[in-house]
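Student: Next come the chains, spelled out residue by residue.
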Amino acid sequence: MALHKKFENKLGAATREAFGKALVELGRTNKDVVVCDADLSKSTYTNGFQKEFPERFFQCGIAESNMVAIGGGLAASGKIPFVASFSAFVLNKGFEQLRITAAFPNKNLKVVGTHSGISIGEDGPSQMSIEDISLATSLAGFTVLCPADEVSMMALCKAAAEHVGPVFIRAGRAKAAILYDDKDDFKIGQAMELSSGRDVTLIGTGLMVAECLKAAILLEAEGIAARVLDFHTIKPIDRDAIERAAKETRAIVVAEEHLVDCGLGTRVAQVVAQTAPCAMEFVGIDNRYAESGTPEELLKKYGLVASEIVAEARKAIARKS
Amino acid sequence: MFAKTTDSNELKAICLRTRRQIIEMITAAKSGHPGGSLSAVEILVTLYHSVMRHDPTNPKWPERDRFLLSKGHACPVLYAVMADCGYCPVDQLNTLRQLGSMYQGHPDVRFLPALEASTGSLGEGLSLAIGMALAAKLDGTTTRAYVVLGDGEVQEGQIWEAAMFAGFHKVDNVCCIVDRNKIQLDGFVSDIMDLSPLEDKWRAFNWHVIEVDGHDLAALEAAFAEAEATKGKPTVLIANTIKGKGVSFMENNPKFHGSAPTKEEMEKALAELV
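Here the protein sequences come in this chain order: F and P.
What the first sequence shows, in our numbering, is residues 27 to 347, in sequence order.
What the second sequence shows, in our numbering, is residues 23 to 296, in sequence order.
There is no bait here: all hints are sound.
Only part of the chain F face toward chain P is listed, based on derived beta-carbon distances under 7 Å:
1) Ala-89
2) Gly-98
3) Pro-131
These are computed hints drawn from the structure, not numbers from a lab.
From a predicted model like this one, the values you see are computed outputs, not experimental measurements.
Think of the CB as a built atom: it goes at the ideal place given N, C-alpha and C, for glycine as much as any other residue.
The shape of chain P in the complex, shown without the other chains (with noise of 0.2 Å):
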């Protein structure tokens, strides 16, 4: 089993090492999204080192938790903190998008079976986590299932379809976090289709709500343990995050949701990352 750290200097170190190679994987690969990535480093961070159980060194180990990135275009992130934690090599992150790559633009259990789920077209992850928390009660294990999902994701309907299934059927070994980073691709979430009040809905479909800065480290971890103590209903993170945060102009850019920083832009954001 990985070992647990909650030792918030180790998970800062962690979060900065993402960062910089979120930043260098995307300058590599010519195109990719780097805003999106950002936004949800601490929250896998905090996920893989410190709330979920799962072995890199035996990835199908069945009683495993599972972890879908249903915001499946945020790849990067997956991948570095991933590798970071052994499923994967650090030292072919850069080879991500291209021909044959086990980093594919968007996650692909062919090329990467360690993943729990290919995804990339929005809406999937949630029913995905849910039938696998659902054969988890039938096997009787504590398996929980967490899936991370961007807040314009939630615009599809099939996520409010599987929001219902879950607060009906008590489904409380899921675990939904929504990435509020508050952009998408075509601009302002609050433009294109705003979602509040969006604690609101989720409460309406029977799930119990917690909302979290997706960027504090202790409340997210704080917020993961609420989640898992609670019985009977399934649990949603609301995490406020920012999109491209830590590097600061690619902070709250609608640009940045899905182009590549140049050279230059890579060398300014390294350069803030330290």
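Just chain F, same shape as in the assembly (with noise of 0.2 Å):
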């Protein structure tokens, strides 16, 4: 195992703190950004954008629906707008308006859920999302996004906005290791090389990065060199980097804070049974919904550990043909 560049496992910027910079940014370069937001701007950082161009935030009070329908009108007269909530409600309450107002027309309207996953902590399950990158994937024509850290949060929060067409990107509340520097490019719908080995492929989205790369240095005290990727594309997935892994590696994990029925890790199966089946194992929350806690006593207990990646690995690598 070689990694690409120096792991410290050092805590930077909650991904949702990313966001909300990243929309300043782009507020000072493009007039066309305009944010929308549901009483949550504190939360969502977007009230950063909201000091600096009151004039191009719009508060909609505490009604997701009407806001991402209202984004679907801002973009279809020219505007970039980014609306913003916590996952579980811009997508579950949104999700009639996202497909009629931004997928189905095609629209470029920008959805930013925050408070993904269980990591949100002590709020407990109705404020988590761990169905958000099942919804976003089903809409037709969108792109999904589940950066990992705030470097590569402000960095695709502008490939988001030049990108035409809607988006949807997903945000976290705890604070996420970095694991970029300014010199990391990224491209939409290409994975990031962590770590080059041939043993088994780790492939991780959001805050199980940074896990995965956690289990890479504990398989190689084990003698395994593990590939680590950075999935912060979900949708369109990154199929060559799946088809190499398949191939040169015979083995792959897929970790996510989701539900593992129906999130990244099926998606890698399904380009994996069509390129080059290989042994697979899925690390994420099993059918059922978490409680309230802090976030490393859940991700603990449901299983969203290096500990529980490198299992999974050692399972993959004995099945391999």
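Please dock the two separately framed chains into a single complex, following the hints provided.
Tutor: Here it is, written out as structure tokens:
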């Protein structure tokens, strides 16, 4: 295993906070960028944009369905709207509006769901979003992004603004380990390789990318060289990276802070089945809702930690054909 | 820019041929929604011929007024009026609902780009119109956004989220028209989910409310002028209409909410529409 850069496991900003910073920078360079929020601007960090560009910020109140469709109308008139709320609310309550006013007519709407996964902690399962990857990827024509750290979130927010078409960006509440620096180049649809290896591939998205790196370091101690891939883009999926991983390592583990039934892992498996079938294992939330607790307690209890990824990697390697 | 007219004889003639086209289109398609198309004829003809600033030769003119048919199932009236203005071919109206037709079963911008929005899932149009109106305000244009809702559609919760937003944010370049034809798919609105007092509901959401006879061309034109002159508040026209208006056996008949006339019924209807 060879890490492409030193991993210090140093926490940076939460990806929601990086999103807020990116919005302000976008606002300064593009007057068509507008923002809608549904009474959560202090939590989604859209309040920075609101402060600097009050005329381009629309407070929609606690009414996500209307907010999403207003975004569709703004997009239809040439604006680049970013509509933001907790992921659980903007996708579940706004799903019909995303389908009819953004996906179906292919409008240039950017939807940002913060507080994704279970790492939001104490607020509990009504606020947690463990099905948002499934919902967002089911919208035809949508691009779906789930950046892992502040650097990639900033870069991918800008890429999303430049991309013409509907985009969903998944952001988290918890502080995220820094994986990248300003020299890294992010392209929508292109996975990032963080370590090279030919014994097993660990694919992660969001917070789980850092856990995959930690798992790779643990596996190295056992003499197993793990390739680590950051799938910051879930749709369109990087088919080439998956095919190479399947052919070259013959064992893949996918880790995500999401229901395993219908997330990144199922999409990766689809490509593996079509290209080079190999042993696969999945780390995620297994057909249940979580509970209150600290983010660390929850991630451990629900199996979203490096030690689980290591265990699944051993299982996949044992099943290699 | 499209030349406006307020000549009542000319407008009445346009309404008549629009009704004939609606009947012919839906009969040819063997399915569709005649009742709610016929009830909205005068509303759309007044908007496209007497009120809105638009240009069929330049459908994406940025400063145009926007029209959205939120009750998308009534699209035959929209297609007929747009074709009559020159946005799309009259001679293809009878391809309604056929594979590949620009005249899809519900409005679809992918097939008819001159449309402002794809609609058909009820409750979406007012929010979309508000978004377009906000964009116009940011751009400093005089664009107004007009959106027609069905009265049954007003049962959707999103309409009231949107109404609250526009009232609070004083989106006075939005004008909403409720085509109150009093019938929805399952029967009379008053039996399914009564809306009354409808005017009071909109007033309570800080809208300027105008009740109008939705088949009186001069009254509609005056109401739209009043709406445009009303600043600091969005305006809603509660347009009292008759479902199936103009065809005796379709008027106030829930059966013709969503079923096509037979060939014989079409001949009978066309004989009345002269």
